[in-house]
Amino acid sequence: MTDFFNYAHTYSPIVNPAALVLRIQKRQLSPGLLLAIYALTYLFHPDQNKKLAYFYAEKSRQYLLAHIYGSDIQNIHTAYLLSNFEPGTNKSYLLSGISVRLLKVLNLYEESNQLIDKIFYEERVKTIWCCLGKDTLMNITCNFLGHPEWLDHTLPQATTDLSIIQKYTPERLTVVFMAAVICLNKVIQHVRKLEIIL
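Residues in the sequence shown are numbered consecutively from 1465, following our numbering.
Just so you know, not all the hints are guaranteed correct.
[Said to hold, decoys possible] With a cut-off of at most 25 Å between alpha-carbon atoms, the simulated DSS-like pairs for lysine-lysine come out as follows:
(1) Lys1490 x Lys1523
(2) Lys1582 x Lys1568
(3) Lys1490 x Lys1582
(4) Lys1523 x Lys1555
[To be verified] Just the calculated beta-carbon pair ranges, DEER-fashion:
(5) Gln1512 x Tyr1533: 32 to 38 Å
(6) Ile1661 x Gln1492: 51 to 57 Å
(7) Thr1474 x Ala1530: 26 to 32 Å
(8) Leu1486 x Asn1554: 33 to 39 Å
Hints were generated in silico from the structure; no laboratory data involved. Quick reminder that beta carbons are idealized off the backbone N, C-alpha and C, glycines included.
Let the sequences and hints guide you as you build the complete structure.
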């Protein structure tokens, strides 16, 4: 696990270390998520082992698809991690879409944070930011010209909660990434409006 956070977490910052440790201690860690973590660790480790990385990624993908209907945030994390395994591929695009759809299926947009432990609430917010950011970026790079409405994600109130944002300062990758994507989206929409006027 330490190698994952040292080498792969920067590329896939969706996994909350504290929540992961709690799940390991309670023996509630999803095998699919664990396999995805192994896959990315072997892929991004300085002593890269692509054979093991692809083996674990495929096993994780199989587990995810077999358990896709389980209502667990770990399925979202698994899909997100796997979407970063082979960026720019059809698999990446599909898995990114699955992670966003699972956000809605699992009702992560609900604002019932009173019933959630603080660690899991922060995990929920980070999950929403990561998935929406990646999906928006993929739509800008792949689909934007024909479907500008795909960029108009509604942001849940939890993603603008100041107590959470203070913990994720602008130096944090997720917040910087989302800010860049939102600005890029605004620039592109402004240019499109100018094209219509002219």
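| said: Within 33 to 39 Å: is that where the Cβ-Cβ distance between leucine 1486 and asparagine 1554 falls? | reply: 34 Å, holds
| Between threonine 1474 and alanine 1530, does the C-beta distance stay in 26 to 32 Å? | 29 Å, holds
| query | Falls inside 32 to 38 Å, the C-beta gap from glutamine 1512 to tyrosine 1533? | reply | 34 Å, holds
| field | Pairwise hint evaluation, lysine 1523 against lysine 1490, where the allowed Cα distance is 25 Å at most | value | Holds, at roughly 23 Å.
| query | Quick one, are lysine 1490 and lysine 1582 close enough, alpha carbons at most 25 Å? | reply | This hinted pair holds, its Cα atoms lying about 17 Å apart.
| task | Confirm or reject the claim that isoleucine 1661 and glutamine 1492 have a C-beta distance inside 51 to 57 Å. | result | 55 Å, holds
| query | Holds or violated: are the alpha carbons of lysine 1523 and lysine 1555 at most 25 Å from each other? | reply | 14 Å, holds
| Does lysine 1582 pair with lysine 1568 here, judged by a C-alpha cut-off of 25 Å? | 21 Å, holds
No hint from the list above goes unmet by this structure.
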